[in-house]
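The listed protein sequences derive, respectively, from chains A and B.
When we follow numbering that gives the first Met the number 0, the leftmost residue of the first sequence carries the number 0, and every step to the right adds one.
When we follow numbering that gives the first Met the number 0, the leftmost residue of the second sequence carries the number 0, and every step to the right adds one.
It should be emphasised that the hints constitute simulated quantities derived from the structure, not laboratory data.
Watch out, some of these pointers could steer you wrong.
Stated by the list, open to error - List of simulated lysine to aspartate or glutamate pairs, EDC-like, C-alpha gap at most 16 Å:
1) 168(A) x 493(A)
2) 556(A) x 546(A)
3) 160(B) x 671(A)
4) 581(A) x 476(A)
5) 556(A) x 619(A)
6) 501(A) x 452(A)
7) 21(A) x 22(B)
8) 160(B) x 357(A)
9) 21(A) x 44(B)
10) 581(A) x 655(A)
11) 17(A) x 13(B)
12) 556(A) x 505(A)
13) 625(A) x 671(A)
14) 220(A) x 301(A)
15) 327(A) x 357(A)
16) 88(A) x 332(A)
17) 677(A) x 357(A)
18) 193(A) x 496(A)
19) 193(A) x 519(A)
20) 18(A) x 22(B)
21) 13(A) x 22(B)
22) 501(A) x 519(A)
23) 21(A) x 19(B)
24) 556(A) x 594(A)
Said to hold, decoys possible - Here are the in silico distance ranges between beta carbons for each label pair:
25) 0(B) x 83(A): 43 to 49 Å
26) 501(A) x 15(B): 26 to 32 Å
27) 0(B) x 18(A): 54 to 60 Å
28) 145(B) x 88(A): 54 to 60 Å
29) 673(A) x 0(B): 50 to 56 Å
30) 313(A) x 145(B): 33 to 39 Å
31) 620(A) x 0(B): 52 to 58 Å
32) 603(A) x 15(B): 24 to 30 Å
33) 0(B) x 84(A): 57 to 63 Å
34) 63(B) x 29(A): 29 to 35 Å
35) 81(A) x 40(B): 52 to 58 Å
36) 314(A) x 0(B): 22 to 28 Å
A virtual CB, placed ideally from N, CA and C, is assigned to each residue, including glycine.
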Amino acid sequence: MNERNNLNEFENIKDEAKKFEKRDFADLQNRIAAQKEAGPLYTPLSAPKKSSAWKAGLITAVASLVLIFGFVGMIMSKNVRDELASAQKPYYEAYKAITSENKGTVNFFRTDTVEETAEDASYALASSAPEAKGYGDYSGDTTGNSGYGKTNTQIEDVDEADFVKNDGKNLYVLSTYQTANREPRCTLSIIDAKTNELVSQTDIEVANFYDISEMYLVDDKLVIVTTLTEGNYISDLLRSDSLDETRTTLRVYDIADGGKTVNFARDYTQEGQYVSSRLVGENVYLITVKYVYRYGSIDIDDMPRLVPHICVREGGTAEAYIEEDMVKAVPEENIYVFNDERASDFITVSAFSVSSGDYNTQTVLAESSAQAFSNSSNLYTATYSYSGEETEIAHFEINGTSIEHVATGSVPGDIYSQFSMDEKDGNLRIATTENNEANNWEPVNRLYVLDRDMNIIGTSDELAKGEMIKSVRFMGDMAYVVTFRQTDPLFAIDVSDPTSPKVLGELKIPGFSTYMHPLDENTLIGVGFDADEETGWQTGLKFSLFDISDPANLVEKDKLVVSGGAWSPATNDHRAVTYIEKDGLLLVPYDFYDEYIIIGEKKITSQYSNGVLVLNVSADSGFALKGIIVDPQENFHMSGDTSEQRQITRTTYVDDTIYTISHQSVMSVDMETLTLIKQTDLYETETIIYETPEPELTPGPEPTPDPNQYEDILPFEGESIPVG
Amino acid sequence: MTYDQLITRIAQGDMQALSELYDALYSPVFALVLSLVKNPNVAADLTQDTFLHVHSSAGRFRPNGNGSAWVLKIARNLALDYFRKHHREVNDTNLEYLASGDNLISQAEDRITLNDIMKALSPEEREVIVLKSQGYSHREIAEITETPEGTTRWRYSQALKRLRRDPSVVGGV
Numbered sequence: 000m001n002e003r004n005n006l007n008e009f010e011n012i013k014d015e016a017k018k019f020e021k022r023d024f025a026d027l028q029n030r031i032a033a034q035k036e037a038g039p040l041y042t043p044l045s046a047p048k049k050s051s052a053w054k055a056g057l058i059t060a061v062a063s064l065v066l067i068f069g070f071v072g073m074i075m076s077k078n079v080r081d082e083l084a085s086a087q088k089p090y091y092e093a094y095k096a097i098t099s100e101n102k103g104t105v106n107f108f109r110t111d112t113v114e115e116t117a118e119d120a121s122y123a124l125a126s127s128a129p130e131a132k133g134y135g136d137y138s139g140d141t142t143g144n145s146g147y148g149k150t151n152t153q154i155e156d157v158d159e160a161d162f163v164k165n166d167g168k169n170l171y172v173l174s175t176y177q178t179a180n181r182e183p184r185c186t187l188s189i190i191d192a193k194t195n196e197l198v199s200q201t202d203i204e205v206a207n208f209y210d211i212s213e214m215y216l217v218d219d220k221l222v223i224v225t226t227l228t229e230g231n232y233i234s235d236l237l238r239s240d241s242l243d244e245t246r247t248t249l250r251v252y253d254i255a256d257g258g259k260t261v262n263f264a265r266d267y268t269q270e271g272q273y274v275s276s277r278l279v280g281e282n283v284y285l286i287t288v289k290y291v292y293r294y295g296s297i298d299i300d301d302m303p304r305l306v307p308h309i310c311v312r313e314g315g316t317a318e319a320y321i322e323e324d325m326v327k328a329v330p331e332e333n334i335y336v337f338n339d340e341r342a343s344d345f346i347t348v349s350a351f352s353v354s355s356g357d358y359n360t361q362t363v364l365a366e367s368s369a370q371a372f373s374n375s376s377n378l379y380t381a382t383y384s385y386s387g388e389e390t391e392i393a394h395f396e397i398n399g400t401s402i403e404h405v406a407t408g409s410v411p412g413d414i415y416s417q418f419s420m421d422e423k424d425g426n427l428r429i430a431t432t433e434n435n436e437a438n439n440w441e442p443v444n445r446l447y448v449l450d451r452d453m454n455i456i457g458t459s460d461e462l463a464k465g466e467m468i469k470s471v472r473f474m475g476d477m478a479y480v481v482t483f484r485q486t487d488p489l490f491a492i493d494v495s496d497p498t499s500p501k502v503l504g505e506l507k508i509p510g511f512s513t514y515m516h517p518l519d520e521n522t523l524i525g526v527g528f529d530a531d532e533e534t535g536w537q538t539g540l541k542f543s544l545f546d547i548s549d550p551a552n553l554v555e556k557d558k559l560v561v562s563g564g565a566w567s568p569a570t571n572d573h574r575a576v577t578y579i580e581k582d583g584l585l586l587v588p589y590d591f592y593d594e595y596i597i598i599g600e601k602k603i604t605s606q607y608s609n610g611v612l613v614l615n616v617s618a619d620s621g622f623a624l625k626g627i628i629v630d631p632q633e634n635f636h637m638s639g640d641t642s643e644q645r646q647i648t649r650t651t652y653v654d655d656t657i658y659t660i661s662h663q664s665v666m667s668v669d670m671e672t673l674t675l676i677k678q679t680d681l682y683e684t685e686t687i688i689y690e691t692p693e694p695e696l697t698p699g700p701e702p703t704p705d706p707n708q709y710e711d712i713l714p715f716e717g718e719s720i721p722v723g
Numbered sequence: 000m001t002y003d004q005l006i007t008r009i010a011q012g013d014m015q016a017l018s019e020l021y022d023a024l025y026s027p028v029f030a031l032v033l034s035l036v037k038n039p040n041v042a043a044d045l046t047q048d049t050f051l052h053v054h055s056s057a058g059r060f061r062p063n064g065n066g067s068a069w070v071l072k073i074a075r076n077l078a079l080d081y082f083r084k085h086h087r088e089v090n091d092t093n094l095e096y097l098a099s100g101d102n103l104i105s106q107a108e109d110r111i112t113l114n115d116i117m118k119a120l121s122p123e124e125r126e127v128i129v130l131k132s133q134g135y136s137h138r139e140i141a142e143i144t145e146t147p148e149g150t151t152r153w154r155y156s157q158a159l160k161r162l163r164r165d166p167s168v169v170g171g172v
């Protein structure tokens with residue numbers, strides 16, 4: 000499965016490229032010197048202020064002397080005086096942590112990674128609500144008892160944001176795309192679920208095409224989560240070179256008239272980039288990370304602007320100006336520091352009531368971004384510290400709009416995704432992989448249990464040394480873990496005793512699952528990749544049916560392999576999977592990039608298509624291909640940059656109609672016959688001008704050069720690109 | 000030091016860090032840009048421009064473990080921008096003539112060369128092959144080229160087929 004092995008054919012090209020004469024670095028230096036606009040970005044770091052324990056002791060001693068003698072203050076050194084003065088100022092603790100010298104050596108880029116670790120694109124939830132039906136807290140059915148599809152979440156009763164929502168009457172699609180000039184656009188389309196006709200469309204402001212925009216449906220309200228960077232009213236008010244201008248906004252819209260009317264009601268803005276969110280009841284829990292950029296030294300007086308800020312607005316319009324008095328800094332007492340070495344960035348978690356606009360925030364200082372896990376009463380942020388090679392976990396208790404930081408702890412290793420975490424009876428269960436130079440890049444996997452105060456109370460044995468965790472699923476008192484190097488062991492771990500997690504069984508099969516879905520309490524579906532047993536190279540998609548009724552004897556009851564050039568967004572985003580319990584159907588979007596694809600025993604001509612695999616699945620009879628739904632636009636890959644917009648990544652259903660959804664197009668399909676009923680395009684495709692370079696072709700119209708089109712990476716407005 | 004760290008230091012004015020980054024990534028940047036604009040002189044100019052922009056916008060980089068992908072994205076955007084402004088002037092340059100060093104075309108070996116890909120492939124396919132040659136995974140290539148992973152895999156397999164089928168290409172079937 001190591002794609003990097005497959006280089007031999009092109010190593011030549013890499014070598015050839017090296018043979019071209021390389022321009023001297025000195026040339027670059029000269030050009031930089033010539034650039035007069037260097038400005039404050041290039042101020043070197045001044046000597047950092049020293050802050051250490053012995054100084055704190057000295058301050059206390061001297062302060063006592065001041066009280067006793069009364070005149071000693073006049074002969075104190077300036078440094079100590081400054082330190083005393085700083086200690087009175089707001090956010091002093093956070094300031095000390097951020098500016099502390101002993102930041103660990105950060106090793107973000109793991110160049111020696113042997114495996115291509117699948118990314119954690121999704122957010123897992125675990126609910127410990129005792130009344131939740133099913134095994135653990137997940138019934139396996141995306142639809143619940145209703146006749147329509149809902150987002151495939153990790154935990155029932157805790158919703159996850161997505162760009163598609165369905166309430167059985169209307170479909171809601173939040174399309175993010177870019178125009179031919181790479182301007183970002185975001186459009187909310189409301190579609191009648193019975194007729195697949197557009198009911199209304201509303202433009203939503205977004206900063207970048209690649210930032211996530213997704214939403215929640217809460218009764219008759221839509222909450223849209225977007226990231227914004229430009230025209231940031233908050234940072235205009237608080238401008239400083241050390242500020243990241245990004246903020247994340249929850250915009251609440253009232254939906255009326257069957258979806259025809261979409262009215263802005265209120266919004267909640269929190270500084271930082273969007274990490275994750277959850278919905279419990281009518282409260283949204285939002286997590287962002289505000290990076291602190293160190294362009295120069297940070298002063299204690301910078302802190303009130305540096306800490307995250309919040310703004311809530313009632314009524315008016317989404318584009319209305321933010322007044323200064325609306326913006327509030329997170330209070331000092333709500334900022335927690337766990338470890339000075341890792342205190343670089345602000346991770347803010349807030350609870351926001353969609354109906355009232357009430358909110359509360361908590362912030363922890365951590366090293367870079369986080370993943371999140373939540374159920375209806377406990378929320379955890381997990382940050383991987385490259386310096387410590389461990390995951391720092393902050394535990395928050397949530398209840399409506401109340402949120403309290405309880406404790407922060409850490410476990411060795413890194414987590415694969417939100418599915419790596421689960422909470423039960425107040426304890427956090429977490430499966431990690433340690434893969435670092437210290438153990439010679441031989442990964443070690445373990446499952447840990449932490450108590451409410453984030454102390455480790457239980458550790459499992461090592462699992463599959465030399466392999467990496469590819470997927471995890473908790474079901475009540477059991478945890479199922481898939482690791483992989485060349486073959487895929489599925490481990491069944493008993494976590495009923497928090498102090499002693501035990502591996503009960505192991506099953507070794509080729510390929511590996513990147514997502515596991517409970518079908519019922521005895522059956523687990525695995526979605527992932529097939530692989531060559533000897534080399535580990537991926538050879539296609541694979542669906543597995545595991546009998547987990549006896550953990551000591553795990554059995555792969557059935558499998559369906561899609562071999563050839565096949566991929567699915569379901570392999571890294573659980574929301575792409577739809578399981579319809581009442582019909583025993585599994586819907587999985589696919590991408591075929593080979594002319595012939597073999598599904599099970601059928602060979603089909605794929606026409607390089609994008610569509611949905613529809614599988615019959617049952618615990619007794621396993622998998623059967625019912626059929627495939629194809630986006631009729633032929634050779635859609637050929638459209639180059641527009642392909643992403645038409646790539647089907649979601650499905651849902653209402654009664655007996657299946658819906659396939661891409662950012663650009665919604666198809667309604669008959670569930671029984673799989674024939675297309677109607678296809679609705681949500682916006683026009685603009686042809687991307689950059690297509691073929693062959694000079695023989697008649698060139699198209701001269702594209703209008705837009706110097707601002709890469710504004711996120713080009714800092715100078717109107718700059719022309721010098722070509723020497 | 001990692002790419003993320005280097006970029007963070009560049010934001011703080013560290014020219015040594017920029018020099019290290021330049022040494023480490025010059026070749027992948029150059030190769031990527033060359034695959035798009037085809038002209039080695041232009042590619043060398045744009046490569047320098049890339050590092051100029053890295054230097055001036057390093058402060059906006061958000062450490063995420065993907066420092067080299069960020070640099071390559073800048074390079075790619077500059078190349079695309081150049082291409083859009085000047086596409087009439089891009090011509091099929093004979094790379095063998097311009098590159099220094101030994102004979103690049105190894106006729107006897109079953110290996111694919113730069114010239115091969117320049118002749119046979121579309122720019123989307125070329126950039127995938129070049130990035131693959133530099134050791135990037137499909138996931139990383141998807142990020143750098145801002146296309147879905149399925150699309151980059153498809154382009155890769157198409158490119159391979161095209162290179163193997165074309166009888167004028169070395170090693171073609």
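Hint check, failures only: 1, 3, 4, 6, 8, 11, 14, 17, 18, 19, 22, 24, 25, 26, 27, 28, 32, 33, 36
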